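Participant: Spelled out, the chains give:
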Amino acid sequence: SQTIHQWPATLVQPVGSPLSLECTVEGTSNPNLYWYRQAAGRGLQLLFYSVGIGQISSEVPQNLSASRPQDRQFILSSKKLLLSDSGFYLCAWSTGTGELFFGEGSRLTVL
Amino acid sequence: RKEVEQDPGPFNVPEGATVAFNCTYSNSASQSFFWYRQDCRKEPKLLMSVYSSGNEDGRFTAQLNRASQYISLLIRDSKLSDSATYLCVFDTGTYKYIFGTGTRLKVLA
Chain A
1 SQTIHQWPAT LVQPVGSPLS LECTVEGTSN PNLYWYRQAA GRGLQLLFYS
51 VGIGQISSEV PQNLSASRPQ DRQFILSSKK LLLSDSGFYL CAWSTGTGEL
101 FFGEGSRLTV L
Chain B
112 RKEVEQDPGP FNVPEGATVA FNCTYSNSAS QSFFWYRQDC RKEPKLLMSV
162 YSSGNEDGRF TAQLNRASQY ISLLIRDSKL SDSATYLCVF DTGTYKYIFG
212 TGTRLKVLA
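First to last, the sequence lines map onto chains A and B.
Residue 92 in my numbering sits at position 92 of the first sequence; the count goes up by one each step and never skips.
Residue 143 in my numbering sits at position 32 of the second sequence; the count goes up by one each step and never skips.
Pulled out of the complex, with its shape left as it was, chain B reads as follows (with noise of 0.2 angstroms):
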């Protein structure tokens, strides 16, 4: 099993709509979680972490699931500035973060 897989996309959704990625890890030890932003040919940036109860930041949404090795971002009332790249990252409990590949998000007006 891969250390993490992250669905590529594209996701193409019109302003205003929804959207959830998901993200699945397989090191059990992982006690960090990360959703990050990148723009293009830009630094990826940290969008908000992901914490066991859940959290939220405005119209963005994170949660883990430990038991099924997942986390999840889900965008409510998406903004065409909303469109990116974005990336899961959590530890391997030994100092090193691993990120998925990344998920496009294309919002459309």
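Pulled out of the complex, with its shape left as it was, chain A reads as follows (with noise of 0.2 angstroms):
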């Protein structure tokens, strides 16, 4: 079956300073992968989608990027956080003709 394994899943860090989040799936072969994020009471923001190695398309202009150096493999980054950065970022992967399944989200705080 597929899993989808996301982290860390807690953190906090002060602005400027970088960040990488890391997402992988198993169980499945060439799926699109999604970051999202979800600000304190807010709905989910669409940042990054991906549907193949190296293919990265970005949906918000922001100091976020996104990169899927392998098959399964998807990692959101920075290289100076905001206040404005901070959120609850989900990362999700769909077959593209089906439902989403999200991994358990990483929660940043940037201070």
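Please note that a few of the clues may not be correct.
As the list claims (entries may be wrong) - Across the chosen pairs, the derived CB separations fall in these ranges:
#1 B:Arg112 <-> A:Val51: 21 to 29 angstroms
#2 A:Glu104 <-> B:Pro119: 18 to 26 angstroms
#3 B:Arg187 <-> A:Asp71: 39 to 47 angstroms
#4 B:Ser160 <-> A:Gln62: 43 to 51 angstroms
Rather than coming from a laboratory, the hints here were simulated on the basis of the structure.
Given the structure is predicted, the values throughout are model-derived calculations rather than measurements.
C-beta: ideal position from N, C-alpha, C; glycine also.
Relying on the hints, combine the two individually framed chains into one complex.
Facilitator: So, in structure tokens, the structure goes:
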């Protein structure tokens, strides 16, 4: 069966520090991969999606970036965090024709 | 028009009540529709897909109205455990999935 792992689960970072969140999917090949962010009390905002290795589509201009170095690995990064980057980051995968499956999320607090 | 509009609630209903949520979308190219449930500080989980003919899963019924571009979720005989935020989701026809802001439901004893 397919599983999705996302880490770290929680992190507290100072403004201006770098960020790296990692997500891996097991049990499927060539998944579509997604990064969403949910600010406190808000809806899910699509940040990036990828339909293949090295293919990244960005939805919202910001100081975040994403990479897909391997078929089932998706990484969200930032060189310098802002206060506004705080939120609940969710990685998800789909086959492209069905529903999204989410990781357990990474809760980021920028101080 | 916004891509998706969903009443944020909260909907406070007594146990046993029937409650319905709607969600409107603007992208006529959308082919896949879903309802997700999100508990506080957790990831969203699929509640049910929404099919053109309507579909039912126990106490939950989902419907799609393509002409008016909305989907609905009906919950019958509400339980305390149904308290959560319900998110409507649709695809844009280009690999992207767009979420509504969610409707909060509180079922009261």
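Participant: Each hint needs a verdict: does it hold in this structure or not?
Facilitator: Hints and how they fare:
For the hinted restraint 21 to 29 angstroms between arginine 112 (chain B) and valine 51 (chain A), the CB-CB distance of approximately 27 angstroms keeps it satisfied. Between glutamate 104 (chain A) and proline 119 (chain B), the C-beta spacing of about 24 angstroms keeps the proposed range 18 to 26 angstroms intact. The hinted window of 39 to 47 angstroms between arginine 187 (chain B) and aspartate 71 (chain A) holds, with their beta carbons roughly 43 angstroms apart. Between serine 160 (chain B) and glutamine 62 (chain A) the beta carbon distance is about 31 angstroms. The supplied range of 43 to 51 angstroms is therefore violated.
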